[in-house]
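Visitor: Spelled out, the chains give:
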Amino acid sequence: MSASAVKTKGAAFQPVAGASGEKLLEVRNLSKFFPVGSNETLKAVNDLTLSIGKGETLGVVGESGCGKSTAGRTIMRLYEPTSGETLFNGRNIYKMRGSELKTLRREMAMVFQDPYASLNPRFNIMDVIAEPLDIHGIAGSAKERRRKVEELLDLVGLRPEHAARYPHEFSGGQRQRVGIARALAANPKFIVCDEPISALDVSIQAQVVNLLQDLQKRLGLTYMFIAHDLSMVKHISDRVAVMYLGKMIELAESSELYANPKHPYTQALLSAIPIPDPLIEAQKERIVLSGDLPSPIHPPSGCPFRTRCPFATEKCAKEVPDFREVKDGHWAACHYA
Amino acid sequence: MDTILRVNDLHVSFRARGGEVQAVRGVNFEVKKGEAVAIVGESGSGKSVTAQSIMRLLPSPPSFVKQGSIEFMGRNLVDATEAEMEAIRGKEIGMIFQDPMTSLNPTMTIGHQITEGLIKHQGMNRSEARERALELLRLVGIPNPEARFGQYPHNFSGGMRQRAMIAIALSCNPALLIADEPTTALDVTIQAQIMQLMKDLQQKFGTSIILITHDLGVVADMCDKVIVMYGGQVVETGTKWDIFAKPQHPYTRGLLRSMPRLDLPKGEPLVPIDGTPPDLLAPPVGCAFCARCEHAMEVCLNHDPELVPVGENGQTAKCWLHHPLAKEVQA
Amino acid sequence: MKDSRTLTLTKEMFKRLSFRPPGETIAGDSVPMWRDVLRRLVTNKLAMSGVVFLVLLGVMAIIGPMISPHDYFTNNLDRTNEPPSADYWFGTDNLGRDLFSRLWMGARISLVVGLAAAAIDLIFGVIYGGIMGYAGGRTDEMMNKVSEILYSIPYLLVVILLLVVMEPSMWTIILALSVTGWINMSWIVRGQIKQLKNQEYVLAARSMGASGARMLFKHLIPNTLGPIIVTLTLTVPSAIFSEAFLSFLGLGVQSPAASWGTMINDSLAGWTLFPWQMMFPAALLCLTMLAFNVFGDGLRDAFDPKLKK
Chain X
1 MSASAVKTKG AAFQPVAGAS GEKLLEVRNL SKFFPVGSNE TLKAVNDLTL SIGKGETLGV
61 VGESGCGKST AGRTIMRLYE PTSGETLFNG RNIYKMRGSE LKTLRREMAM VFQDPYASLN
121 PRFNIMDVIA EPLDIHGIAG SAKERRRKVE ELLDLVGLRP EHAARYPHEF SGGQRQRVGI
181 ARALAANPKF IVCDEPISAL DVSIQAQVVN LLQDLQKRLG LTYMFIAHDL SMVKHISDRV
241 AVMYLGKMIE LAESSELYAN PKHPYTQALL SAIPIPDPLI EAQKERIVLS GDLPSPIHPP
301 SGCPFRTRCP FATEKCAKEV PDFREVKDGH WAACHYA
Chain G
338 MDTILRVNDL HVSFRARGGE VQAVRGVNFE VKKGEAVAIV GESGSGKSVT AQSIMRLLPS
398 PPSFVKQGSI EFMGRNLVDA TEAEMEAIRG KEIGMIFQDP MTSLNPTMTI GHQITEGLIK
458 HQGMNRSEAR ERALELLRLV GIPNPEARFG QYPHNFSGGM RQRAMIAIAL SCNPALLIAD
518 EPTTALDVTI QAQIMQLMKD LQQKFGTSII LITHDLGVVA DMCDKVIVMY GGQVVETGTK
578 WDIFAKPQHP YTRGLLRSMP RLDLPKGEPL VPIDGTPPDL LAPPVGCAFC ARCEHAMEVC
638 LNHDPELVPV GENGQTAKCW LHHPLAKEVQ A
Chain F
669 MKDSRTLTLT KEMFKRLSFR PPGETIAGDS VPMWRDVLRR LVTNKLAMSG VVFLVLLGVM
729 AIIGPMISPH DYFTNNLDRT NEPPSADYWF GTDNLGRDLF SRLWMGARIS LVVGLAAAAI
789 DLIFGVIYGG IMGYAGGRTD EMMNKVSEIL YSIPYLLVVI LLLVVMEPSM WTIILALSVT
849 GWINMSWIVR GQIKQLKNQE YVLAARSMGA SGARMLFKHL IPNTLGPIIV TLTLTVPSAI
909 FSEAFLSFLG LGVQSPAASW GTMINDSLAG WTLFPWQMMF PAALLCLTML AFNVFGDGLR
969 DAFDPKLKK
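So the protein sequences, as listed, match chains X, G and F.
Residue numbering for the first sequence follows this note's numbering, starting at 1 and increasing by one per position.
Residue numbering for the second sequence follows this note's numbering, starting at 338 and increasing by one per position.
Residue numbering for the third sequence follows this note's numbering, starting at 669 and increasing by one per position.
Extracted from the complex, chain X is given alone in its bound form (with noise of 0.2 Å):
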């Protein structure tokens, strides 16, 4: 096995291009394992290697379990990683310290998943959308602290009276607003989105997406955007990474990777999908794959998606597949792709 990783290294090191030529992070390499248990060790993120580009949204899809998480909150510095890199604006982020990872936290921020949980429940919505300002001294006084608040608060749809309301007093959509306000207000460049619309109602997510869209377009950010929600990441993103058990298995543009998918997981994937169309849904041959997700403790030999695969041979039970270019700017870890 070890033979074999050393060469998927060689092969994955050549970055990924950006959509848009200059890019704004590169991952390199990336793992973060966990120790479970005695001498146990879970892989969550297994050589990731992926780059985002100056006022892209790069989509990572993934079923639970497949470390997509782990991977945006390494990639946040909120996990120190186990191996690998992640520059940004061409500096190693794990080797910044001082004021100059001070200078980073303000130029990359978090949206989180559970609107309820994200926000510190004794804060009001002031100190909540406050807390970059205070902890970078961004707002010189009260008065200007109360103004910026207040734009923010303005700029997600939120009224500004609402600053001294408790988080507990606004319905989900309303707290991933004031979750967004708070991931802006440092002006940062890179907004990681972990999840950020599973936890909503159905005719809310489409309100936090639009208003997500509407601010890259505003502010020119940069996104990483995890879900599960296959529908909604195509709708979202430029370029889209699919995950499987600690492992990039396909990426590709988003039109290409949903028109083309060349992984046969991410084949599965995409037809298991029910679609609000009774009439595709009865003529749809759907790919349902059998069996569950294997632990990430003990991944399959070989290709970790082997096990279900409905075309698996020998081969892939042997060799780790290479994540090589299919196509142009296609890339999948699959030996038949």
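Source of the hints: derived by calculation from the structure; they are not laboratory data.
Any given hint could be a false lead.
As the list claims (entries may be wrong) - Think about it this way: if two alpha-carbon atoms lie no more than 25 Å apart in a straight line, the pair counts; the simulated SDA-like pairs of lysine to any residue are: (1) F:Lys-865 x F:Asn-812; (2) X:Lys-102 x F:Leu-685; (3) F:Lys-683 x G:Asn-639; (4) F:Lys-683 x G:His-640; (5) F:Lys-865 x X:Ser-83; (6) F:Lys-862 x F:Gly-877; (7) G:Lys-541 x X:Arg-286; (8) X:Lys-95 x F:Gly-877; (9) G:Lys-583 x X:Glu-281; (10) G:Lys-369 x X:Leu-279; (11) G:Lys-541 x X:Ser-231; (12) X:Lys-102 x F:Asn-812; (13) G:Lys-583 x X:Leu-87; (14) F:Lys-862 x X:Ile-297; (15) F:Lys-683 x G:Gly-623; (16) X:Lys-102 x F:Lys-679; (17) F:Lys-683 x G:Lys-369; (18) G:Lys-603 x X:Ala-199; (19) X:Lys-284 x G:His-660; (20) F:Lys-865 x X:Gly-98; (21) X:Lys-284 x G:Gln-667; (22) F:Lys-683 x G:Gln-667; (23) F:Lys-865 x X:Gly-291; (24) G:Lys-603 x X:Glu-285; (25) X:Lys-95 x F:Asp-746; (26) G:Lys-536 x X:Ile-297; (27) G:Lys-664 x F:Leu-685; (28) F:Lys-679 x G:Glu-635; (29) G:Lys-536 x X:Gly-291; (30) F:Lys-683 x G:His-660; (31) F:Lys-679 x G:Gln-667; (32) F:Lys-865 x X:Asp-127; (33) X:Lys-262 x G:Arg-598; (34) X:Lys-284 x G:Gly-478; (35) X:Lys-284 x G:Pro-602; (36) G:Lys-536 x X:Ile-280.
We have chain X; now place chains G and F onto it with these hints.
Guide: Same frame as chain X, now just chains G and F:
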């Protein structure tokens, strides 16, 4: 076809600090034999409360049925005693919940939990029940049922637990199966497995199904009839063909427009429904959707519309736009 | 629904609304969480009776010795073992000292010990536990070992060892408390913080670059306040009881200073003849324990999120 369940003008409320939360406000629908009915709505629409009222699973207090009846095979479940309900639950109506981990007892083996109902309701002895349980486990696609029989829920994955739940729900051949968000906690590839299983089983046994869900995709895949709920009321009903092809209530239309479609090319911006659902502690006097509706009229503010027939195939919608005067004025 | 049949509908009513009807409004005043807790506590009669008792106890501990016509330490050998009377309200002890004054002096000591225990819990317990929970990993392991070792030393042994080097007094008891009394608190805080640490709002603060102190004092500890306060209401009575018990054994407060423990001890010899000498301190001790316990229970219910709504 025979009607096995008829819900008439059901009102269910919860006593809460600061008043009464009117979770269900006048719901009417019926389920025929062998039919799969979906109740669609967002959180707070009253869809789960309706389902749990049928099973009488809501704790009372704080909940209470204010008005209305639930007729199941000729009996009114609203007035049934707890002992009568115990005989109905599991035997004549099976239920599957959203979270299979909390609906299975963690201290009992899966086998024990399946045989329990068989022994209680079907009067089987232990070995008969075991045979039947193994058969059920095989039926719901659990590999190696003999080994699985003696295992506990924590040995099962999420999808396997939901399969076990389905085996329990179907163990006594119920006439009606209520599935409350059965796939919401599962990943899409597992969801596809469970939906396939439920469709197969429904065809095999002719069980009527009430599927509670917020996912319109799931509805399109497996139901015949759709009931759309909003703010504790039914706002639209119809066959799935009509509901998806020509929705007649602005809320249903809005819901469909606010979802991105995987099968269509991207680019079109989403059309969200602005605002938030009504506060059921003080529901609006007029139409519940009025505050978020782009077609809101004067009449909507103070008068609650009735569910009226629109189009063929029994489609109904609860909206003033279908009043003849509306068509006249807006034309 | 019912009015639509009798309703006369006019064309006017079917005009488009020219305004957006009021939708999302947040009704009522803004309610900070602590006020919610307070409201629930105030409606709990049993807990409030505990609070009332404790307030009265505090007031009497301050003014009791002052309003009595006699001080607490002067022996009056002419009037020993007197029953309650207009002159000596609660009677006198075997040395003719005023029981009324002594009782409230005892309350002072009890409350001072209780307050000291609370302060120790808050200063050592909360900070130590906070650091353990927040740091995690190696630091947590080491600090936890230290607290386990300290916890394994019996409290009584600490007191006795301290008596080797100092005179028995209230301060011995407080000093002994500060060696081991805060460990339970530190474990509770540690557990809470470990849980909270993975909450998204804490991650959010970290992603913004918040310093360790800010995370601990702005996010983690304020959200642990509920369990901290509830633990305090259990630590305080147990400290009060320890003081009474040690004083009873002669290891704590020494005559002529008065503690409920020494008063009960003093009354032992003649308690069948002069039962009031034991009754007053014993009853007050029991009631104080009870009051703290019902107050603590009420607080726990008030903080418990499951009982919310």
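Visitor: Of all the hints numbered above, which does this structure not satisfy? Sort the numbers upward.
Guide: 2, 11, 12, 13, 16, 17, 19, 21, 23, 25 and 26
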